[in-house]
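Grab the two chains, each in its own frame, and use the hints to assemble them into the complex.
If you're matching them up, the sequences are chains A and B in order.
Start counting the first sequence at 1; every next residue gets the next number (my numbering).
Start counting the second sequence at 154; every next residue gets the next number (my numbering).
Treat the hints with care, since some could be wrong.
[Unchecked claim] For lysine-lysine, the following DSSO-like pairs were computed, each having C-alpha atoms within a straight-line distance of at most 30 Å:
1. B:Lys205 x A:Lys121
2. A:Lys121 x B:Lys212
3. B:Lys212 x B:Lys233
4. A:Lys121 x A:Lys132
5. A:Lys19 x A:Lys150
6. B:Lys205 x A:Lys96
7. A:Lys132 x B:Lys205
8. A:Lys121 x A:Lys150
9. B:Lys205 x A:Lys23
10. A:Lys96 x A:Lys19
11. A:Lys21 x A:Lys121
12. B:Lys205 x B:Lys216
13. A:Lys86 x A:Lys19
14. A:Lys86 x A:Lys21
15. A:Lys150 x A:Lys132
Since the hints were derived computationally from the structure, they do not count as laboratory data.
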Amino acid sequence: MADTLVDALDASCVALDMKAKRKPELVAELVDLLAQAGKIDDADEVIRKVLEREELTSTGIGGGIAIPHCLSPAASQTHIAFGRKKSGARFDAVDKRPVQLFFLMVGPPGAHNEHLRLLSKLARYLHDSDLKQSLLSAGEADEIIALFRKREQ
Amino acid sequence: MRLIVFVLNREELLERVLEACVEVGISGATILDSEGMGRFLTYEVPLFADFKEFMKGNKPYNKTILSVVEDDSLLPRLHKVLDEVCGGLSAPGTGILFSVPVDFATGLVGQDEQTQHDTVGEEE
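In isolation and in its complexed conformation, chain B is listed as follows (with noise of 0.2 Å):
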């Protein structure tokens, strides 16, 4: 069971990335909309106000969608077609995509409350 996080920077793209997730197989997940720390320090603390050219390469808005899977081979699948919608997410500026174990969910859609422990040995 893992939890995945995507920071989409091209928020023009949110639709086609919730197909991409639905189409690899994640049912359910949470949008945030979500800022930037080079936007917040720039525009928000006078200190920094100076460098909005230096950060002019980050997109100042974005949303941030977490999603908690328990079949781990989607992460692959999900990074493969996040990647062709995207253009490819070693592209600054597009998006950061990233897991981590889950040891214990709850309140997940259509499944009873799981332990990773639970999950070892079942099948897909």
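If we strip away everything but chain A, and leave its shape as in the complex, we get (with noise of 0.2 Å):
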């Protein structure tokens, strides 16, 4: 069980250059973090309940970032890939503005609390703009990882 974003975060599972340009392809470059990483046995599964999810309604909430999730029997606890393009891509973000900084978060089935309390503490650190830009300007994975072990400490 991951307790904090730090336990869910890991190093191998940042991309600060992100390469794709459309909502489908960003979340299947997010999906590959994790699954490159061995957190998620089901790339595919996966990337059809964010998009599924994102049908709903975008999880692009404003300010550059969107946060993309799941509940996914492909993954065994909570996991969190980071993912950055500096020059931003469309991802139906509510104020209609190119998101840089993505989230993306998938927890097994079941695991609602855990899933709502980290999504709802990501989304309350990211709406400190020091932060953001911190993740902005950060050169290297363990950069953007130490910024949310010092903002949990």
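In structure tokens, the structure reads:
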């Protein structure tokens, strides 16, 4: 069980220069980070569920941030992948602006409480413009982890 | 002196709940239209839109009844009657009853300004 964002976010699941430009590819690139790190065992299933969730309403919460997420049996615990695209990409965000910071959160079915807790915490932290700026300027994956570690202390 | 707060999830029982209040001796209360956190999050905050199913047991809207009472002994009587009216408050989705001590109140119907100190030693 992931109690903190740092528990759920591994440096191997951080991409500081995402290549994808459209929503389905952006999601696939984020999911691939988790799959390559061995955090999930069925990438296609996760992509399908995340995009299905996006059809409900976009998880682009505004301010250049999106937090696509889903619960899936492909994950045995909650994992987060972080992707950054400095030039921004369309993600149907609520403010209609391009998204630069992407957080993909995948948890196992039934882990609603843990998922909601981490989702809320992440959304709350990301209201902090200093943290957002630091995430945009970080040069290494470890810096991203360190930023959240510091924030959660 | 206590502030009694009752969040009534089954709004259709409001009339019977207010009758119960009067029955135990509460002659004045304020009724607020209120809304559950689950409804607001899942319907008004896009990030949480997919948790509607998870929040399904919660009632979207409710009534919140506030009343300041001088007689603390009203509370257990009210609890008993509300349990009867609502079918047991321990069941999920019925309501939440709690009270907190009040050390000052003014403007209550039919009484002068009071502090907790004023009422110590007074008989009902």
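To see whether the hints hold, each was checked on the structure:
1. B:Lys205 x A:Lys121: Distance ~19 Å between Lys205 (chain B) and Lys121 (chain A) Cα, so the pair holds.
2. A:Lys121 x B:Lys212: Holds - the C-alpha atoms of Lys212 (chain B) and Lys121 (chain A) are around 25 Å apart, at most 30 Å.
3. B:Lys212 x B:Lys233: Between Lys212 (chain B) and Lys233 (chain B) the Cα gap is close to 23 Å, so the pair holds against 30 Å.
4. A:Lys121 x A:Lys132: Holds - the C-alpha atoms of Lys132 (chain A) and Lys121 (chain A) are around 14 Å apart, at most 30 Å.
5. A:Lys19 x A:Lys150: Status holds; Cα separation ~28 Å.
6. B:Lys205 x A:Lys96: holds, 24 Å
7. A:Lys132 x B:Lys205: Holds, because 29 Å separates the two Cα atoms, which is no more than 30 Å.
8. A:Lys121 x A:Lys150: The hint holds at about 14 Å.
9. B:Lys205 x A:Lys23: It holds: about 24 Å lies between the C-alpha atoms, which stays within 30 Å.
10. A:Lys96 x A:Lys19: holds, 21 Å
11. A:Lys21 x A:Lys121: Cα-Cα ~27 Å, so holds.
12. B:Lys205 x B:Lys216: Holds, because 21 Å separates the two Cα atoms, which is no more than 30 Å.
13. A:Lys86 x A:Lys19: Satisfied, since the Cα-Cα distance of roughly 10 Å is no more than 30 Å.
14. A:Lys86 x A:Lys21: holds, 11 Å
15. A:Lys150 x A:Lys132: holds, 14 Å
Violated hints: none; the structure is consistent with every hint.
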